[in-house]
Amino acid sequence: MKPAAASASFSGPFALGSLSAPDQASFPALVIPGARVLDLRAALAEPALTTRQILERWDVLLPRLRDLAADTAAAWRPLEGLRVLAPVEPRQVFQSGANYRQHVIDLEVAHRSPDDPRTVEEARAEVAALMDRRAAEDLPYVFIGLPSAITGPYDDVVLPSWAEQPDWELELAVVIGRAARRVSVEDALDHVAGYTIANDLTDRATVFRRDMKAIGTDWLRCKNAPGFTPLGPWIVPAESIADPGDLRVTLKLNGDTMQDESTKDMLFGVARLVSYISQTAQLLPGDLVLTGSPAGNGMHWGRLLRDGDVMEGSVTGLGAQRTRCVAEEL
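Quick note: the sequence shown uses the numbering used here, first residue 3, plus one each step.
Worth flagging that the hints you see were computed from the coordinates, not collected in a lab.
All of these numbers come straight from a predicted model, not from anything done at the bench.
Treat the hints loosely; a few may be bogus.
[Stated by the list, open to error] Derived Cβ-Cβ restraints for the label pairs, each shown as a range:
id	residue 1	residue 2	range
1	Arg43	Gly257	53 to 61 angstroms
2	Glu314	Asp118	19 to 27 angstroms
3	Gly83	Leu191	32 to 40 angstroms
4	Pro116	Asp189	46 to 54 angstroms
5	Glu188	Arg135	19 to 27 angstroms
6	Thr259	Gly310	45 to 53 angstroms
7	Ala207	Glu314	51 to 59 angstroms
8	Ser186	Ala75	38 to 46 angstroms
9	Lys266	Ala50	36 to 44 angstroms
Using N, Cα and C, we set each Cβ at its ideal position, and we do this for glycine too.
Hey, can you work out the whole structure from these sequences and the hints?
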């Protein structure tokens, strides 16, 4: 619940955020380099305006936001002293699993049974072949997350007492700006308003059901505790990101780099994921598509999250988030 440091580093002339002053209601903000912010409720003369409502009218309001960002006479104020919240409250969160080739290979090796007869090299080779086959068959793996797991980019993350192996997973997050239903890969990016950062925390110990292996994965249990998805700090418009398939995803734990990979390692890019999801579900403005996490998670390093850990996550052009882990008090 602490205010953010006065920082606004991102690509392009502006970004969107959700901010609040102490003991005051949150407001949608236009943020410009130099850590200056503009309350869009006043600027657009809509006292009850939210970021999601802006995204629902993205095509209409984007030109207005461009003009406001260039207006030096507007009622700009410093970011310093304001709390940075998650930049949007989505109705739906779609999460892509096993979407980074090297990440999946590392996880397979880390989760190997003690009596697995394969060598590490053999296990890696088998999973690599599986990843190549998945890419060739063009079948992404997508599941559902809960909006209630989202928290701000500088908020403390409470580690539940039951979580035996809490882990980090920094990801590029896609923010939908136009409803999408059965859109083609070629048209999918037209439905993207912008991009932000998500850290999709996962308790590795509860990913797989122990009581009945045939059930498979338990995404509710392992990924959706309150605060398990730090989001933000900003939504950077898609027009300011030249290529979402060529961004650096970096996570540091207590200052040590744990993840540092390009989105080039994704099996399925942003357009493919948006199109794939839209074949089944109706994507709505403000919805999130988490694109998966690269190699370098805690299971790979043999070091899981614990009380007092500080995670710093950044994605090229999208800024950075900083969250501290706190053990749950019973």
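To see whether the hints hold, each was checked on the structure:
no. : hint                                : verdict
1   : Arg43 x Gly257: 53 to 61 angstroms  : violated (38 angstroms)
2   : Glu314 x Asp118: 19 to 27 angstroms : violated (35 angstroms)
3   : Gly83 x Leu191: 32 to 40 angstroms  : holds (36 angstroms)
4   : Pro116 x Asp189: 46 to 54 angstroms : holds (48 angstroms)
5   : Glu188 x Arg135: 19 to 27 angstroms : holds (24 angstroms)
6   : Thr259 x Gly310: 45 to 53 angstroms : violated (19 angstroms)
7   : Ala207 x Glu314: 51 to 59 angstroms : violated (25 angstroms)
8   : Ser186 x Ala75: 38 to 46 angstroms  : holds (43 angstroms)
9   : Lys266 x Ala50: 36 to 44 angstroms  : holds (42 angstroms)
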